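Protein chains in written order, with our numbering: chain H, 61 to 305; chain C, 71 to 196; chain V, 336 to 633.
The hints are simulated quantities; they were obtained by calculation from the structure and are not laboratory data. From a predicted model like this one, the values you see are computed outputs, not experimental measurements. Glycine included, each C-beta is placed from N, C-alpha and C at the ideal position. Any given hint could be a false lead.
Stated by the list, open to error - With a straight-line Cα cutoff of 25 Å, these simulated PhoX-like cross-link-like pairs (lysine-lysine) come out:
#, chain 1, residue 1, chain 2, residue 2
1, V, 365, H, 65
2, H, 65, V, 401
3, V, 500, C, 79
4, V, 578, C, 79
5, C, 79, V, 598
6, V, 600, C, 162
7, V, 466, C, 136
8, V, 566, V, 623
9, H, 74, V, 401
10, C, 157, V, 598
Stated by the list, open to error - Going by beta-carbon spacing under 7 Å, a handful of chain C positions derived as facing chain V:
#, residue
11, 80
12, 81
13, 116
14, 117
15, 119
16, 122
17, 123
18, 126
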Amino acid sequence: MSLSKPSTFNIVKKQYAYKLQAYIQVFMSLVFIQMLGILFSFNGVGMSGGGSNTLGVNVHYYSADIVIAFTIVWAIISAIHITTQAYRNDDFVFVTNRLSSNFSNILFLLTASIVGGITAIMSTYVMKVLMYVLGRTEYLSSPIAATEMIIGFGATILYVLLGTAIGYFIGTLVQLNKVFVVLVPGVLIGMIVLGAGSMNGELLQAVFKFIFMESSFALFFIKNVILVTLLFSSSALLSNRLEVR
Amino acid sequence: MILNMDGTKPIYLQISEWLEREILNRNFESDQKIYSQYQLAEMFTINPATAAKGLTLLVEENILYKKRGLGMFVASNAKEIITNKRKNQTLKRLVVEIVMEAERLDVSKEELIQMIRDVKTGEAGE
Amino acid sequence: MNVIDCRGLTKVYGGTKALNNLSFTIEENKITGLIGRNGAGKTTLLKIIAGFMRETSGEVEVFSEKPFNNLFVSANVIYINDQMNFPTALTLKELLNVAATFYENWDHELAMRLFDYFSFHPAQLYNDLSKGMKSTFNMIVGLSARCRLTMFDEPTTGMDAAVRKDFYRALLKDYLAYPRTILLSSHHLNEIEDLLEDILLLKDGKEFLHMPMADLKGWAIGAQGLTANVKEWIQDREVIHLKTIGLDRMYAVVRNDFSEYEKQKAREAGLTFSPVSSSDVCVYLTSKTKGGIDDVFI
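Starting from the given sequences, assemble the full structure and let the hints guide the process.
Pasting the structure below:
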């Protein structure tokens, strides 16, 4: 029996494959939450109506916005979930160090974001089919160009990915010190409630605008990737001294 | 399990005694290869180092001899050595114990000798 | 070659020193028993060696590398304990398949044969197993991984006597075929002592004894006799256990460093000697007081 000399790359690959299998619950909860989103979307996001004496028109707007929002929430919660002790100990049952554990987690979250983003967009089709079957509508329309569609997929995936990065960062903080369980929501709510009219509010709004109100996809892409990288790498750095099992 | 695992007698001593018995019972003849430390470890579920210690003890007493790279072999006069050793040590110690116990129970010398005779001739009746 | 090398290892844990200036080395391919009372620091020590926990001060090297957060150490060390958890989503069969991908020396045939022998079902979930079955499954993983350093921390928790016996035998057989360094911690020293080459006794986070198992057998001796005689005889001696018997008799366990002549004299004074089993020696050495629990009921 010789000593094994593992490479980080090799172990990350193995851990990634292992996590796709072991964290199957993450995908099951995605299915559940998106179905819930579709259900809520049935009311439509907007409605306008008009008519004359003989004709009445009701226009309902349906979109996947609720499903996407739900998916982002799912992304945050799932990411927090896999930073918890039980999940981390699952890594350390087999060969790993903190770096490979974090890397494989990030790869897993990236995969989950892609799956989550694509399915969220696709849920519009599910909705259309359902509505058609249920006979709730006479006319369906939403012609989109292929490029627009790809941008839609890309943007959704990036939002979901950002959600996982934020969740992962929060989860890591909590693992370092339980104080953050109270501190993180406290700060967030405090900023929203107290900062409505003050400087803080403007700051929050500015951050929000900076990320979410970007009209150029290329710029949005770059901003998002930088933010995600920052969040993930600081999580990895912070957890590098964490004791396990 | 033939070994006494109650923890009072070192296992390696029990191993060497067991090997001596094997030799006395002619399960191993002169110049025959005896069990290796690994075979003994397997047989008795003991650490091979303990088994090795038992074997080494017999080598030191010239009951076994080592052939480099081949293992341990039974010395030609192994039985003799074992018999002598047992006469001088084990039997003597047992006799001392018997005599002491007899004294404690007020068994006379004649009575004791008679008891030994009875056992010898197979007429012992409790 | 030394597999484990500790120098002045200290670990502070919740304000107390779980390990206190611990120094020892473990040589390659030996089976060492790690013995100590609950809270003596066994688990902390093993987790530091496995690279899960960080030492507070002092040095520790495993295969000449610092174990904490070390991929090389992680790949060559396996640590099995009774609080181990596996992903809840995977079946037992899937878990073994995953383990096979991680450990280079993994013997899947052995794993499957043990799996069948202990009548596991491939589709079972780890969390549905009883305590003893969990321990048995952990043991299969620990043995089949064939890591150069294999550590079992209370491996037999919950196992019935037959399975414990099977485990010891399986461990020894696999060790004979594939020698490796094994650390075995257990409360049942009398069950594992025959497997051990060395023993490392911990008390209050410190190394108390580290010696070949065979030497421990004769390390202490018990003497019984009239209290006055025993007391005189044990003067200036290292007494590890004392017990009064009846009205005027006493039993004392002391370090066995007497000459035959001294013993003969003691026998003449009416003392009787008896060997002390290794597990009793360990119990006496690690108890807080000389009289053990009896000292509580004065």
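Status of each hint after checking the structure:
1. Between the alpha carbons of residue 365 of chain V and residue 65 of chain H the distance comes to roughly 22 Å, so the proposed pair stays at or under 25 Å and holds.
2. With a CA separation close to 15 Å, the supplied pair residue 65 of chain H and residue 401 of chain V stays within the 25 Å bound.
3. In summary, the hint linking residue 500 of chain V to residue 79 of chain C is supported, as the alpha carbons are separated by about 21 Å, within the 25 Å threshold.
4. Distance hint between residue 578 of chain V and residue 79 of chain C is fulfilled; the C-alpha atoms sit about 23 Å from each other, no more than 25 Å.
5. Pair hint residue 79 of chain C plus residue 598 of chain V holds up; C-alpha atoms about 18 Å apart against a cutoff of 25 Å.
6. As the CA atoms of residue 600 of chain V and residue 162 of chain C are separated by approximately 20 Å, the hinted pair is consistent with the 25 Å bound.
7. For the hint linking residue 466 of chain V to residue 136 of chain C, the alpha-carbon distance of about 48 Å lies beyond 25 Å, and the restraint is violated.
8. A threshold of 25 Å between alpha carbons decides the hint, and for residue 566 of chain V with residue 623 of chain V the separation of about 21 Å falls inside it, so the pair holds.
9. At most 25 Å may separate the alpha-carbon atoms for a hinted pair to count; residue 74 of chain H and residue 401 of chain V meet this at roughly 23 Å.
10. For the hint linking residue 157 of chain C to residue 598 of chain V, the alpha-carbon distance of about 23 Å falls within 25 Å, and the restraint holds.
11. Of the supplied interface hints, the one on residue 80 of chain C holds, with its beta-carbon coming within about 4 Å of a beta-carbon of chain V, less than 7 Å.
12. Of the supplied interface hints, the one on residue 81 of chain C holds, with its beta-carbon coming within about 6 Å of a beta-carbon of chain V, less than 7 Å.
13. Nearest Cβ of chain V to the Cβ of residue 116 of chain C: about 4 Å, under the 7 Å cut. The hint holds.
14. Because the closest C-beta pair between residue 117 of chain C and chain V is about 5 Å apart, less than 7 Å, the hint holds.
15. Residue-level restraint check for residue 119 of chain C holds (minimum Cβ-Cβ distance to chain V is 4 Å; threshold 7 Å).
16. With its C-beta approaching chain V no nearer than about 10 Å, residue 122 of chain C sits outside the 7 Å limit, and its interface hint is violated.
17. Of the supplied interface hints, the one on residue 123 of chain C holds, with its beta-carbon coming within about 6 Å of a beta-carbon of chain V, less than 7 Å.
18. Interface restraint check for residue 126 of chain C: the shortest CB-CB distance to chain V comes to about 11 Å, outside 7 Å, so the restraint is violated.
Hint compliance for this structure: hints 7, 16 and 18 are broken, all remaining hints hold.
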